[in-house]
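Note that the working numbering has the sequence shown beginning at 6, numbered continuously upward.
The hints are simulated quantities; they were obtained by calculation from the structure and are not laboratory data.
Don't take each hint at face value.
[Unchecked claim] With a Cα cut of at most 30 Å, we get these calculated DSBU-like pairs of lysine-lysine:
#	residue 1	residue 2
1	K166	K108
2	K160	K65
3	K147	K65
[Claimed, not checked] Pairwise CB distance ranges, derived in the manner of DEER restraints:
#	residue 1	residue 2	range
4	A61	G31	25 to 35 Å
5	K102	E67	29 to 39 Å
6	I134	D33	30 to 40 Å
7	E74	E153	32 to 42 Å
8	E153	A72	21 to 31 Å
9	E152	A61	32 to 42 Å
For glycine and all other residues, C-beta sits at the position ideal for the given N, C-alpha and C.
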Amino acid sequence: MKALITYYSLEGNTDYAAGKIADVIGADTLRLRTKKAYRDKGAAKFIWGAKSALMAEKPKLEPYDAALENYDMIVMGFPVWASRITPPLRTFIKENKKVLRSKKIAAFACQGGQGADKALEELKKCIGIDSFAAEAVFIDPKARQTEETDNSIEKFADELKNGTD
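Sequences are here, hints too, so could you generate the full structure?
Structure, rendered in structure tokens:
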């Protein structure tokens, strides 16, 4: 089974987890990038990020090349903003909803506080599915790198790998 990890990362936590997962399961990766960058420092980062997430904005993305029809599983990764999925992921879903609904979908969320469960439910609703093949929540995996966090990422990747064999 061929897998693609599609993700957005602002501070590197989701990128870190996506890379570790890709290494274990042999997946391709697609890092989503916005045409206009989000602020990544200070109070403005939280204010603008939360506003964008709460308003369900769909920012324009940099062009990406991913033939989703060539994958059996799409793994989506994102940081949690105001208990929501990040807006770039919302844009990606809108642009690819039809093909996504025909794939096995797994997801992981990275957070520093709370809200991942609500965000994962929102992701299912946005795609139009009832459940994920697998899901996980990681607490700032790069910023607070610990053996326990790395083990939880590997455990999730092993769960995915069993679904990709």
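Hint check, failures only: Checked against the structure, the hints that fail are numbers 2, 5, 6 and 8, while the rest are satisfied.
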